[in-house]
Amino acid sequence: MNLDDRYLEKMNYSRSKNEDYITQLKKETGKPVIGYLCCFAPPEIISAAGAIPYRITGRPGGDTSAADACVEPYGCTYVRNIFTRALEGELDFLDGLVISHSCDMVQRLYGIWTYYRPFEYSYLFNVPHQLTPWAKDFFRRELGFFRESLESFTGQKVCPEKLAEEIKLYNANRALIREIYAMRRNNPPGIKGSKMLDLLMAGGTLPAGQYNTLLQNTLTELKEQPEEKKQGARIMIWGSIIDHPALFKMIEETGGNVVCDDTCIGFRVWEKDIPLDKELYEGLTEHYFVNFQCPRTDRGPGTERFDYILQRAREYKVDGVIGYCISFCDPHKFDYPDLRDYLKKEGIPVLLIEDNYSFEPAEAIKTRIQAFLETL
Amino acid sequence: MSQSEMSRGKRHLKTTGKMKEMLPRFFMRMMERKFSNEPVAWCMVGVPPELLKAFDLLFEWPENFGTMCASRQVAPHFIQAAENDGYSPELCTYVTNTMGYCRLVKDTGEIPEESPLPGGMGTPAMLLGSGFICEPRWKWFQSIATRFFDVPVYSSDPLAPPWDVNPNDPRIAEHYLTLLREDLAGQIEFLEKHTGKKLDTDHLKEILARSHQALAYWRDTLALRKAIPSPMGSTDYFHAIIPQMYLVGDEEAVEFYREMYEEVKDRVDRGIGIVDEEKYRLIWFGLPPWFNMGVFNYLESLGAVFAYESTYNVGDYFEVDLADPLEAIVQRNWQRMLKMHEYGAETMPELCNPAVFGGFTGSSLLNELVEQYSLTGAMMHLTRSCRAVSFGEVHTKNRLAKLGIPSLIFESDMADPRLWSDAQIKTRLQAFLETMDKARQGGKINES
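Chains as they are written, first to last, in the working numbering: chain X, 1 to 376; chain P, 1 to 448.
Only chain P is shown next, with the shape it has when bound in the complex (with noise of 0.2 Å):
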């Protein structure tokens, strides 16, 4: 594998085009904070961002750290820092490439230069985990303050009820609430002792209306997707989520949103696509290839279009009181489980999604999505090192076939290029496109 055959994706809208200006100036100031010694939590997808802001915390997503590792080619150092060190291969490369970065700052004192930003991570003063989505958050964490930074950790642990269990009988509901809000309590605990403050709940009221001004914008924009031709792609859809998680709260993530909204929907009215002919209207499953995301273009150029990504999907929208913003935040979890209850979420308990950015399963939302978008074929990306977000894949393929509609899944990585093969994965990606043809020829479709 060679580095040449990685590209960066090209994004469609002027909006998400706007994002090379918005978020360096972002980080600037982010930058500005840290280098002043302000402590940095380091945190996870899960944990509230409106939290976070409401105690005017500077805060890092080694997550995101990692998507950016990827997308500048330099998470294969990090990772190899961290296999060095006894990891194994088969961990999330997420977390190994937070873990080798980590070693190379212990050992050398400093922050290594293959950071992509300056200042890298920094280094953390606390830890905010989140046992959301899959177990290697619990062991993440632990770890860095075990083994690189000895400071303070709360990961806070939403459980949700398994598919066969009615979240409707008040007194499951009440099981599973009265955790989520002691937990919720003992997160914001935790927030007060290392932060010296007082959480000001007025203040969490006004980040939450304006981050849920901003998530709503963006849950119209990922309707205005059933549109045909596709209004946006991939590469807008996965690099627009970044604002909602650094810029969260902020006039200025609802004025992009807003923008966004308006822009895709001035497309629509206007009939313009993303590609000139439209030849399959695909669903995406599973974490992106963030060191290639030109792959997306390649399918592009092939006529393929995604209409709909299952991965950090806002999905619906709730609204939720926030008189109370704390119940609120609890609240608009457990909606938003029960919604995934009704579609048959049998192949993720952990639906109790308190960032409202996650991923779906279930089985009746797949015939939904299928009509209301007009998809005519899936492709699964079975990513080795994150089996959370993989998992289900070979399910969900099952179901989509009882619904006529073809599915491919692909073996690769979200953020290590090493188990890319470009050659070999875009021949395969070109030959199910084939097969689909064929089918819509009156062939029978047999892909794996």
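Okay, chain X solo, but in the shape it has when bound (with noise of 0.2 Å):
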């Protein structure tokens, strides 16, 4: 039995599974694995150099006393644990390291991690914050400057075939995980939020070619048999990354079903195909630069910004949103005043929950949820 079949067959998502399939699957073909953090530097591009890419995530209530040893414990949690992770040995499996400039605390850890724990290979793939013209035109050639670092490392060139190849591929990712999100606009929702988290952390762990096998798997086996039958409260999650489901399973056992979201690992990266009917780069520069909603990217003063939020409130008809905002994040902090007015303004209630990426005290979290779904 080949890999794939070995491991996609039973695939249950857990990522200690995904992270063995990855190491096997190195040996296998001696390509170099690439982790990732955040999503402006396009994993198309490392697949297309001949490399696996890897979205590097975290270690829910670890502890951060390896990281503590290097960084400032006021800082966010998340890339604090994913730091530890790397001083710990546990991401050892990873050749080079990909660092976005989005959030300060994920940019400047670059350079004290490089520094502490140098890989083979690494690069900060700097993204300015405006959508001015001249600020799209610096992240088109700073596409150019990754692709030619990774040139230089993989020793393949990456042609235009090769790239437009693997676009598609991402882009089969994103028509199915479109297909299973418009099954979330049913009620009941056809699948558990909590197990579509899982299946999206799978993309960023897999090779989309064997992603795109895991996805038509589940979206058949879902057409079958739809897994989430009751009906609940819909509710929206808003806020910091989360990559992993205690949340959801909180928000699940309290009776409520998350519909949508819009957070990092969620329907961000997938929710619109990378245009391949213009230059790559432009493409490449339309998807992860100008449309790909973080609010680290300075959209302008206004709630316009907003906008696409409220509309997926209204496509997925979600009764309330729960914001969920881990320790020191700005970008989602600064946000957070503006937009609960917005969407008080148009109906809809926001329950906002601050943690450190332990999600504990699960009691209490779970408590304010309920009363939360009660009001609902």
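One should not assume that every hint holds.
Computed cross-link-like contacts, DSSO-like style, restricted to lysine-lysine with a CA-CA straight-line distance of at most 27 Å [what the hints assert, rightly or not]: (1) X:17 / X:157; (2) X:345 / P:106; (3) P:106 / X:136; (4) X:317 / X:278.
Ranges between beta-carbon positions, derived for each pair [unchecked claim]: (5) X:368 / P:107: 25 to 35 Å; (6) P:166 / X:315: 39 to 49 Å; (7) X:363 / P:279: 14 to 24 Å; (8) P:404 / X:28: 43 to 53 Å; (9) P:107 / X:370: 28 to 38 Å; (10) X:302 / P:220: 28 to 38 Å; (11) X:175 / P:398: 42 to 52 Å; (12) P:189 / X:159: 33 to 43 Å; (13) X:308 / P:404: 49 to 59 Å; (14) P:166 / X:168: 30 to 40 Å; (15) P:110 / X:346: 28 to 38 Å; (16) X:140 / P:319: 31 to 41 Å; (17) P:73 / X:346: 34 to 44 Å; (18) P:398 / X:27: 48 to 58 Å.
Calculated Cβ distances over 10 Å to all of chain P for the following chain X residues [as the list claims (entries may be wrong)]: (19) 87; (20) 108; (21) 219; (22) 226; (23) 249.
Simulated from the structure, these hints should not be mistaken for laboratory data. Cβ atoms here follow ideal geometry from the backbone N, Cα and C, with glycine treated the same way.
Two independent chains are provided; combine them into the complex using the hints.
If you want it as structure tokens, here you go:
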């Protein structure tokens, strides 16, 4: 039985299995694995350069003491948690590291991380904050420098044909995810939110081709037998990165259904295809910079920047929004009062959960969720 | 915490003492213009002040307003108003101080009487931000214009190459310089549109010339602090940055920095220090606790002086050709960034500092400073609400330890005195100095 058959048939999406799979894949193909954080540096280019992209995630509740020896305790617990994983050797299967200049904490961690744990290959993908024409030009040039750095590491040229092929594979992922998300507009939503998150997590771990198999298998199963059969308050999750289903499970256990999201490992990167009808790097700029809805990018004043959230809430017939903010997550914490008031005006209540990426104390969080669901 | 624990800093120099007369005069001039309904731009450090001056624009610095509110002990009033509005206590207290001010202005229609200046910051006609140094800056003016005042915003977007990229590679240099040039052009276009004036580049050239003259005096003054005993203190240092913010390009600012240079030079020549017995020569990292600048005097009473501060440091001054003043602004940022790269700037990529007015982090710079300024220890103020400036302190501490220099990291905030615990902090500061004594006597240092 080949590797894909062994893993994808019975893939249950857990991270340890995915990491095991990547390690095996690396052994069998001889390709380097490049870990990345955030969504600005396209994994399509990493793949086209002959490497395996791997989205690095955390270990909720894990202690951060190893990181505390190198970085301040006042800072995003999520990235300190990830850095701890690296310092403790959990990410030793990576050959390279790519960090985007997304938020302050992660971009600054890049220097510290590569100082204390250097990789054979590392790249800080620099991203402007404005959406001015010159900022777009910069992003596009940065894509070129990123490609060159990968080429010199892997020794493989990224030709347009190969890149287009990778984009097509990833776009196929996107189409399947959109199809699954469309099921969530139903009531009951067809798939549990916690299960959906697990499925999306696998997307950051598996090569796009294998991920297509997993998505296709899941879609077929769901069409035959929808997993979530009970109706409940329809919840949208907004806020900081969530890479663990604990919060979703609390909502499910208190009778709610998570039907859509606006978080980093969520619909954001899958919602739209990368356009192939224009020059490839222009398409990548449009997708990963202009359209990618991370609050770190300046979309100017006014509440129009939240319109897409309202639109999604309406499409998925959301009853309420649960915001999730990890400690010291400035981009989301700054947006919260404006977004809360904007949604309130539209009749959509918001509950904010602030957490240090431990999802604890679980009972207290659950009680707040329960009380919120009762008001809907 | 009672307010009696807080004390204002006592300055050592006559020149910085004179600011008490000079700044009110200046603020009066500003106020007269403000009260005649002249539009006010709220600006962030990072916006070239010379440009504002060239447009003869009336401007305010909400960050500086935060420091004034802190030193007058009124910041909690504004910060609380912002927290009541939904802003997290974790957010930058310069920002929440402004947000609270805006909330109160918006709710009452009046300038809050707690404001340190009559007329406070007024209300803005435009917002000129800069993404230099930290992310809250992007969200800050965006939220003000969303929530409180519907005015135009321009946030400049300087980026610098990360520490492991070679900025001397011409292609990399062009990649970044193109962005810096276009960003500056965007800023000027915005100013021309909203002031209705054309930029007079000859006027800008004159302002830049005077500004650079003042900066050169300031740089030379700071270099005089290599002398033992230390001729000036941190209270002088942190207050002396203000003229460069408000009076930039004025002859008055050149005079101020020239006088300060001469006074400090004279003290060095005559061997006059700020304490009787200089037992500890330290470097300060982070923002100061503006609400309790007296803590520097407390440390001086124990024989501890700071010969260098990492924050707001003008650093090396760069001679740039002013023939093309816009290119000069770009080049001074770029040249500074190149210098920082040479030092190894692993913890802060935003070193392209448009204000020539920022912090530093760089491993080899530490070696240089320890040697040149005869440093024996470091104190690092870990500000809970300003991760931008605090970030890298643990790393810097590790680097200093390799040089045999002990460091103390202590936690509080730059504007919110609610995070200051006077007895506890002073005990820690004192204990640290005692461990330095023990280390000097041959013991080991084990301080965190």
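Right, here's what the structure says about each hint:
Distance hint between residue 17 of chain X and residue 157 of chain X is unfulfilled; the C-alpha atoms sit about 31 Å from each other, more than 27 Å. A distance of roughly 19 Å separates the Cα atoms of residue 345 of chain X and residue 106 of chain P; the hinted pair therefore holds under the 27 Å criterion. The suggested pairing of residue 106 of chain P with residue 136 of chain X is violated, with an alpha-carbon distance near 36 Å, which exceeds 27 Å. Between the alpha carbons of residue 317 of chain X and residue 278 of chain X the distance comes to roughly 34 Å, so the proposed pair goes past 27 Å and is violated.
Separation of residue 368 of chain X from residue 107 of chain P is about 29 Å and conforms to the stated range, judged on CB atoms against 25 to 35 Å. The supplied range of 39 to 49 Å is met by residue 166 of chain P and residue 315 of chain X, whose beta-carbon atoms lie about 47 Å from each other. At about 53 Å, the beta-carbon gap between residue 363 of chain X and residue 279 of chain P misses the expected band of 14 to 24 Å. Judged by the Cβ atoms, the range 43 to 53 Å given for residue 404 of chain P and residue 28 of chain X holds: they are separated by roughly 50 Å.
Taken as a hint, the range 28 to 38 Å holds for the pair residue 107 of chain P and residue 370 of chain X, whose Cβ atoms sit roughly 34 Å apart. Taken as a hint, the range 28 to 38 Å is violated for the pair residue 302 of chain X and residue 220 of chain P, whose Cβ atoms sit roughly 47 Å apart. Our hint of 42 to 52 Å for residue 175 of chain X and residue 398 of chain P holds, since their Cβ atoms are close to 48 Å apart. Taken as a hint, the range 33 to 43 Å holds for the pair residue 189 of chain P and residue 159 of chain X, whose Cβ atoms sit roughly 39 Å apart.
In this structure the supplied range 49 to 59 Å holds for residue 308 of chain X paired with residue 404 of chain P, their Cβ-Cβ distance being about 55 Å. About 35 Å separates the C-beta atoms of residue 166 of chain P and residue 168 of chain X, a value consistent with the hinted range of 30 to 40 Å. Take residue 110 of chain P and residue 346 of chain X: their Cβ atoms lie about 31 Å apart, and the range 28 to 38 Å holds. A C-beta distance of roughly 34 Å is found between residue 140 of chain X and residue 319 of chain P, which places it inside the suggested range of 31 to 41 Å.
In this structure, residue 73 of chain P and residue 346 of chain X meet the distance hint of 34 to 44 Å, their C-beta atoms being roughly 41 Å apart. Hint check: residue 398 of chain P to residue 27 of chain X, Cβ distance near 36 Å, so the stated range 48 to 58 Å is violated. Once the 10 Å rule is applied to beta carbons, residue 87 of chain X is consistent with being away from chain P; the minimum gap is 13 Å. At roughly 5 Å, the least C-beta separation between residue 108 of chain X and chain P is not larger than 10 Å, which violates its mark as non-interface.
With a least beta-carbon separation of about 38 Å from chain P, residue 219 of chain X lies farther than 10 Å from that chain, consistent with its non-interface assignment. The Cβ of residue 226 of chain X lies farther than 10 Å from every Cβ of chain P, with a closest approach of about 38 Å, so its non-interface assignment holds. Against the 10 Å criterion, residue 249 of chain X stays outside the reach of chain P, whose nearest CB is about 25 Å from its own CB.
Violated hints, listed in ascending order, are 1, 3, 4, 7, 10, 18 and 20; each of the other numbered hints is respected by the structure.
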